[in-house]
Amino acid sequence: MPEQIPDDSVGLVTPETLHFDDELALQSGRTLPEYDLIVETYGELNDDGSNAILICHALSSDHHAAGYHSMEDKRPGWWETCIGPGKPIDTNRFFVVSSNNLGGCKGSTGPMSINPETHKPWGSDFPIVTVKDWVISQKRLGEKLGIKQWLAVVGGSLGGMQVLQWSIDYPDAIKHAVIIAAAPKLSAQNIAFNEVARQAIRTDPEFFDGDFYAHDTVPHRGLMLARMLGHITYLSDDSMGKKFGRELREGKFKYNYDVEFQIESYLRYQGQKFTGLFDANTYLLMTKALDYFDPASEYDNSLSTALQRAKAKYFVVSFTSDWRFSPERSHEIVRAIQDNDLDVSYAEIEVNDGHDAFLLPVEKYLNVFHAYMNNVAKDIQGGDA
Amino acid sequence: MTQLRTDLQIISEWIKPNTRILDLGCGDGTLLSHLSKTRKINGYGVEYSIDNITTCIEKGVNVIHTDIDKGLSDFDVDSFDYVVMTQAIQALHYPDKTLDEMLRVGKQGIVTFPNFGHWKCRLQLAFGRMPKTRTLESEWFNTENIHLCTVNDFEDLCRKKGIRILERTVVDNEHRTSLGMRLLPNLLGEIAIYRIQRR
Chain A
1 MPEQIPDDSV GLVTPETLHF DDELALQSGR TLPEYDLIVE TYGELNDDGS
51 NAILICHALS SDHHAAGYHS MEDKRPGWWE TCIGPGKPID TNRFFVVSSN
101 NLGGCKGSTG PMSINPETHK PWGSDFPIVT VKDWVISQKR LGEKLGIKQW
151 LAVVGGSLGG MQVLQWSIDY PDAIKHAVII AAAPKLSAQN IAFNEVARQA
201 IRTDPEFFDG DFYAHDTVPH RGLMLARMLG HITYLSDDSM GKKFGRELRE
251 GKFKYNYDVE FQIESYLRYQ GQKFTGLFDA NTYLLMTKAL DYFDPASEYD
301 NSLSTALQRA KAKYFVVSFT SDWRFSPERS HEIVRAIQDN DLDVSYAEIE
351 VNDGHDAFLL PVEKYLNVFH AYMNNVAKDI QGGDA
Chain B
1001 MTQLRTDLQI ISEWIKPNTR ILDLGCGDGT LLSHLSKTRK INGYGVEYSI
1051 DNITTCIEKG VNVIHTDIDK GLSDFDVDSF DYVVMTQAIQ ALHYPDKTLD
1101 EMLRVGKQGI VTFPNFGHWK CRLQLAFGRM PKTRTLESEW FNTENIHLCT
1151 VNDFEDLCRK KGIRILERTV VDNEHRTSLG MRLLPNLLGE IAIYRIQRR
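Those protein sequence lines, which keep their order, are chains A and B.
Heads up: the first sequence runs through residues 1 to 385, numbered per the working numbering.
Heads up: the second sequence runs through residues 1001 to 1199, numbered per the working numbering.
Only chain A is shown next, with the shape it has when bound in the complex (with noise of 0.2 Å):
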């Protein structure tokens, strides 16, 4: 818990959920009647509302990007390293909004909320919502704070998918798209991954088909399993074995299945923190949205096409020691962009830590991110910038 908050923090938070009455039709041909959105927002929205940027978050975070909760919080926002006064989003100059997304389990409509027609939670009836459906939800969202277009759309992993999502399915509400640590759709390899951790969680038999919830229980092996599959492609090799090598939790073999080595007591303590906080039912939804998630598809399986519409300026950053979302999947976006003629810049962060570094403070990423806010910064109308 922070004993005091520190400067460059947005500080305490209070996350406001907003009711939307009007229906969402989803891309799976179901609608969702209403919905709620649960939203932090941080900075001030200027005048004439040119100053806003939204955060998209990735599979298993939220709408806590940065500050506290309250000062018993262990911990700040998920993505604290990049947002707040000062730093890459600096929310001196930009208003930030960050939202849970639908199908999400920390406030906003999902699996763990009522369905009105049964009056029981949705649990695995909740419909499959989409990166396409969640940029629906965002752009309204954004209509009911007052904004008309995003300075900026921003986010890493699932996130940056719905940056680019963003940039072809409302070019006119987007001026700047930043896209880190994403890649343009699935490979076989990634969608394998998502596989295995479903059936981690369908196969618990305290999941019983979703409806968890009526038997007051967690499928709490198979999410967990889950996690630790995830955490292992988050890491790379190289970092993974700097942090923890082959070292033993006492020191020698005990030829038995316990724990022995700190790489298996990491992934465990990961695995089972996450049980505590995540939905089982969300995790599974949220990984179809990965599976699924592939813009060319509806413009001739070319993402060259797709951008044709697209008008903003965008920023892609991938990071060396990422196997999960390789560079290579980022240079497949960087180059659809660059057959539009649209303005593109692309930084290729050396690192050790693999998927996970769009989340850490590695210091010539948070200098090239700062460099291209800064310029996001110069199109704040007004000129306050």
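FYI, nobody ran anything at the bench for these hints, they're computed from the structure.
Among the hints, a few may not be true.
[What the hints assert, rightly or not] Facing chain A, a subset of chain B residues (Cβ under 10 Å, in silico):
no. : residue
1   : T1038
2   : N1042
3   : I1050
4   : T1055
5   : V1061
6   : V1063
7   : F1075
We treat Cβ as the ideally placed atom computed from N, Cα and C, and that holds for glycine.
The hints should help you fit chain B onto chain A, whose structure is shown.
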């Protein structure tokens, strides 16, 4: 604005307004930034150093992090009016392949390099030392310049590759040219500047 580097000034004069440019090894983005202000060009820089990339972005120059030695597969045939490469060819692993790549993606190429045939280089070699000059400042052991060439070497390579030389200028470090340099470019030119095209 501070004085533009010698070769960059000359190149700027060669480039027609409202064209699309790819600058290979664009450094801190000086040329592109200058050209977009004075010639209304658009295009991208390609750079490998993250610090240079950060500076480019700070200047609002579009820059793509790429290792030129790995080819320009991100770019399509004839997608640029000019592909520029200033003072970078001598630092590449495969300068010959890069020349092919330049003229694949660009209608014209512009190349500048420090002429290793300059008399000061020759003189230092004649005395048994690796040359160090105003254009080649590093020591032999820490230089990035691994493929230095002379004016004659470069033109020889162009001939072998069937590359047409549209224009050549040699200058000294102060941007000056002279009758002597025009007559004996390989001996008196410090920096060589070429505009080239595929046959």
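Hint by hint, here is what the structure shows:
no. : hint  : verdict
1   : T1038 : 19 Å, violated
2   : N1042 : 7 Å, holds
3   : I1050 : 5 Å, holds
4   : T1055 : 8 Å, holds
5   : V1061 : 8 Å, holds
6   : V1063 : 5 Å, holds
7   : F1075 : 7 Å, holds
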